[in-house]
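J.: Following the hints, position chains B, C, D and E against chain A.
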Amino acid sequence: MKRIGVLDTTFARVDMGGIAADELKKTGTGFKIERSTVPGIKDLPVAAKKLLEERECDIVIALGMPGAQQIDKVCAHEASTGLIQVQLMTNKHVIEVFVHEDEAKSEKELAWLAERRAREHAVNAYNMLFRPEKLAKSAGKGLRQGFEDVGPAR
Amino acid sequence: MKRIGVLDTTFARVDMGGIAADELKKTGTGFKIERSTVPGIKDLPVAAKKLLEERECDIVIALGMPGAQQIDKVCAHEASTGLIQVQLMTNKHVIEVFVHEDEAKSEKELAWLAERRAREHAVNAYNMLFRPEKLAKSAGKGLRQGFEDVGPAR
Amino acid sequence: MKRIGVLDTTFARVDMGGIAADELKKTGTGFKIERSTVPGIKDLPVAAKKLLEERECDIVIALGMPGAQQIDKVCAHEASTGLIQVQLMTNKHVIEVFVHEDEAKSEKELAWLAERRAREHAVNAYNMLFRPEKLAKSAGKGLRQGFEDVGPAR
Amino acid sequence: MKRIGVLDTTFARVDMGGIAADELKKTGTGFKIERSTVPGIKDLPVAAKKLLEERECDIVIALGMPGAQQIDKVCAHEASTGLIQVQLMTNKHVIEVFVHEDEAKSEKELAWLAERRAREHAVNAYNMLFRPEKLAKSAGKGLRQGFEDVGPAR
Amino acid sequence: MKRIGVLDTTFARVDMGGIAADELKKTGTGFKIERSTVPGIKDLPVAAKKLLEERECDIVIALGMPGAQQIDKVCAHEASTGLIQVQLMTNKHVIEVFVHEDEAKSEKELAWLAERRAREHAVNAYNMLFRPEKLAKSAGKGLRQGFEDVGPAR
Numbered sequence: 001m002k003r004i005g006v007l008d009t010t011f012a013r014v015d016m017g018g019i020a021a022d023e024l025k026k027t028g029t030g031f032k033i034e035r036s037t038v039p040g041i042k043d044l045p046v047a048a049k050k051l052l053e054e055r056e057c058d059i060v061i062a063l064g065m066p067g068a069q070q071i072d073k074v075c076a077h078e079a080s081t082g083l084i085q086v087q088l089m090t091n092k093h094v095i096e097v098f099v100h101e102d103e104a105k106s107e108k109e110l111a112w113l114a115e116r117r118a119r120e121h122a123v124n125a126y127n128m129l130f131r132p133e134k135l136a137k138s139a140g141k142g143l144r145q146g147f148e149d150v151g152p153a154r
Numbered sequence: 155m156k157r158i159g160v161l162d163t164t165f166a167r168v169d170m171g172g173i174a175a176d177e178l179k180k181t182g183t184g185f186k187i188e189r190s191t192v193p194g195i196k197d198l199p200v201a202a203k204k205l206l207e208e209r210e211c212d213i214v215i216a217l218g219m220p221g222a223q224q225i226d227k228v229c230a231h232e233a234s235t236g237l238i239q240v241q242l243m244t245n246k247h248v249i250e251v252f253v254h255e256d257e258a259k260s261e262k263e264l265a266w267l268a269e270r271r272a273r274e275h276a277v278n279a280y281n282m283l284f285r286p287e288k289l290a291k292s293a294g295k296g297l298r299q300g301f302e303d304v305g306p307a308r
Numbered sequence: 309m310k311r312i313g314v315l316d317t318t319f320a321r322v323d324m325g326g327i328a329a330d331e332l333k334k335t336g337t338g339f340k341i342e343r344s345t346v347p348g349i350k351d352l353p354v355a356a357k358k359l360l361e362e363r364e365c366d367i368v369i370a371l372g373m374p375g376a377q378q379i380d381k382v383c384a385h386e387a388s389t390g391l392i393q394v395q396l397m398t399n400k401h402v403i404e405v406f407v408h409e410d411e412a413k414s415e416k417e418l419a420w421l422a423e424r425r426a427r428e429h430a431v432n433a434y435n436m437l438f439r440p441e442k443l444a445k446s447a448g449k450g451l452r453q454g455f456e457d458v459g460p461a462r
Numbered sequence: 463m464k465r466i467g468v469l470d471t472t473f474a475r476v477d478m479g480g481i482a483a484d485e486l487k488k489t490g491t492g493f494k495i496e497r498s499t500v501p502g503i504k505d506l507p508v509a510a511k512k513l514l515e516e517r518e519c520d521i522v523i524a525l526g527m528p529g530a531q532q533i534d535k536v537c538a539h540e541a542s543t544g545l546i547q548v549q550l551m552t553n554k555h556v557i558e559v560f561v562h563e564d565e566a567k568s569e570k571e572l573a574w575l576a577e578r579r580a581r582e583h584a585v586n587a588y589n590m591l592f593r594p595e596k597l598a599k600s601a602g603k604g605l606r607q608g609f610e611d612v613g614p615a616r
Numbered sequence: 617m618k619r620i621g622v623l624d625t626t627f628a629r630v631d632m633g634g635i636a637a638d639e640l641k642k643t644g645t646g647f648k649i650e651r652s653t654v655p656g657i658k659d660l661p662v663a664a665k666k667l668l669e670e671r672e673c674d675i676v677i678a679l680g681m682p683g684a685q686q687i688d689k690v691c692a693h694e695a696s697t698g699l700i701q702v703q704l705m706t707n708k709h710v711i712e713v714f715v716h717e718d719e720a721k722s723e724k725e726l727a728w729l730a731e732r733r734a735r736e737h738a739v740n741a742y743n744m745l746f747r748p749e750k751l752a753k754s755a756g757k758g759l760r761q762g763f764e765d766v767g768p769a770r
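Residue numbers (my numbering), protein chains in the order written: chain A, 1 to 154; chain B, 155 to 308; chain C, 309 to 462; chain D, 463 to 616; chain E, 617 to 770.
Note that these hints are calculated values from the structure, not bench results. Please note that the accuracy of each hint is not assured.
When the alpha-carbon atoms are kept at most 20 Å apart in a straight line, the in silico SDA-like pairs for lysine to any residue are as follows [as the list claims (entries may be wrong)]:
{"hint": "1", "chain 1": "D", "residue 1": "Lys603", "chain 2": "B", "residue 2": "Asn281"}
{"hint": "2", "chain 1": "D", "residue 1": "Lys567", "chain 2": "E", "residue 2": "Val690"}
{"hint": "3", "chain 1": "A", "residue 1": "Lys137", "chain 2": "C", "residue 2": "Glu428"}
{"hint": "4", "chain 1": "C", "residue 1": "Lys310", "chain 2": "C", "residue 2": "Glu362"}
{"hint": "5", "chain 1": "D", "residue 1": "Lys535", "chain 2": "E", "residue 2": "Val690"}
{"hint": "6", "chain 1": "D", "residue 1": "Lys603", "chain 2": "B", "residue 2": "Asp176"}
Okay, chain A solo, but in the shape it has when bound:
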């Protein structure tokens, strides 16, 4: 049985981890979900590594919601850099699902965007683990998670 880590924060303003877990269950079977919650996005990298190494996950979905200020952008960059390092240290994928607060024009849109992006990336994580051929078929298709796909350039 494969294990999928679902990792989120108390800083985020939407229960992105709960949503991702829900979508995973709707998408398929053959895996167990391991949950972990940390305070903020800078705590995600080592928590992802611990899920992969200590709780034996095969992949991790790391969800966070950076704030709208410049300092938040820097934090997000640091967290992303760390999440890439984790992957290189473990040879396993960590799907980063960040929704920046200033991507949405209202709280309502923020909640909508966070849910949709979390769901779409949960499916990506499932595909990477169980059906990589699905990704191969969509190479270069201009897919997006959250907002609409932009499609191929013509």
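T.: Structure of chains B, C, D and E alone, referenced to chain A:
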């Protein structure tokens, strides 16, 4: 007995380490505090690593107060990047507690903010070590350390 | 038989991986192509490492298309940093082929640019593996991939 | 006998290494100084590592003077990042003593600032090695090296 | 017999590698030159590492010419970060010789600057390997490679 490292700087303008240690003692038992002080935030990463590896801490709270100028922002970024690396090298959490001087409008507010953030993150560190279920229950709740929580997006 | 990894994304708006594979086949023989597709450019580093280590590639061509916004520029920087790390961890080359959406003035030019850059870098990858003397002869010649060569400074 | 590395550059416009060595000798005994000079600040990281590993230093003082232009700021950031990595690879402190050319309003002030910062950080390095309790007593005191201390926030 | 790696790119608009090799030969003896050419500056880090590890170089001179646009500045930063990492992984120096296209006002000045900087850094590399005391004597002297030395601050 668990060990919690409390690491601070002589550069900071508030005794954030002393405050964090005080809050830890109020929060619970079952741990010993290891203290360390370095000149500035760029000295924090290796000092955190030494606390984790040489003084056998299970978690470290790294407290610092970056200045308000552009160069200070760069230093903070370098320190944060290093603190994330430390965690990935040790598979242990380091809770970064930075208060930027320009987050506050006066010295008085700066002292208030530094104390409150240090106290709230001390509790986070305790929770990560002793009661992770507390964090899990607050996933996606829009929590903040220092200023008011913003709460979930609706 | 050498192995060349061709790695692309579903985010890109042009089938850069397919184009690179096509060009490789036109360029020479003596190698097998290993394909992999991930959602976005931040997923490229570990996927490149897996191609090099688990699927025994001798070199990887990593193709992606960062968007035009500031956040996309940061993502590209993070991906690039990771791709360099992969190379240092494996002592093998990963040829990064990124086309930024705002490099082109229209969708049509974007498609043209992505194809041309992918083809020219596919030849570079082939040369690095099979005929390094070709590169040596072009040292300092002001070569570019995609747009016109600028040539030597005179 | 402890060993303290004093590492500087030919790029700097003040003999910061000589000054740091002088201050160390005035501050205490029980150590030997190992000197090394490199062209610029980007050469400092590996030189610091070699002092720690090949010449068996217990701590290194790395002194440099980044220029005033944007490119120099980037170089300083790269050097600092490298110096933090060195520390994490060796579990030893490297005290970075950088004076940015644009911190001073005149050549005379630049020379004054570089000397004072080098001297104060030489004492910091000595304290870290021989009397860490001195640093502990100054935690949160708003100390600065070079310009005046700002003191605690009240 | 020592080995000095001379590593350049096809992107550069001046044959900086050829110039550096020429200057090395004029400067002294007791070494063999190992040449390598890659497409762009982001390919330099792993190529430098391969020169140090697989072709047993004692030092590498890595020459490149970043373009004048913002994206080129980011590439240069990524390459520099990688080159510092290479040094920390090998405990050997890599002398980075970058000439940014916008450092010069004309193609002619660019060619002049690239040649002069390549020659002066070739001597630096030779000195680091064979006569480190030459560098020690110039500590804090405000030396520059390419444009005029600025000299000590007075």
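J.: Hint check: Lys603(D) vs Asp176(B), CA-CA at most 20 Å. Holds or violated?
T.: Answer holds: Lys603(D) to Asp176(B) is near 18 Å, not above 20 Å.
J.: Please work out if Lys567(D) and Val690(E) have their alpha carbons no farther apart than 20 Å.
T.: Violated. Lys567(D) to Val690(E) sits at ~30 Å, over the 20 Å cutoff.
J.: Hinted pair, alpha-carbon criterion (20 Å max): Lys603(D), Asn281(B). Please report holds or violated.
T.: Not OK: Lys603(D) and Asn281(B) at ~29 Å, beyond 20 Å, violated.
J.: Against the 20 Å threshold, does the CA-CA distance of Lys310(C) and Glu362(C) hold or violate the hint?
T.: The hint holds at about 14 Å.
J.: Is the Cα-Cα distance between Lys137(A) and Glu428(C) 20 Å or less?
T.: violated, 24 Å
J.: Does Lys535(D) pair with Val690(E) here, judged by a C-alpha cut-off of 20 Å?
T.: It holds: about 13 Å lies between the C-alpha atoms, which stays within 20 Å.
Comparing the model with each earlier hint shows violations of hints 1, 2, 3; every other hint is respected.
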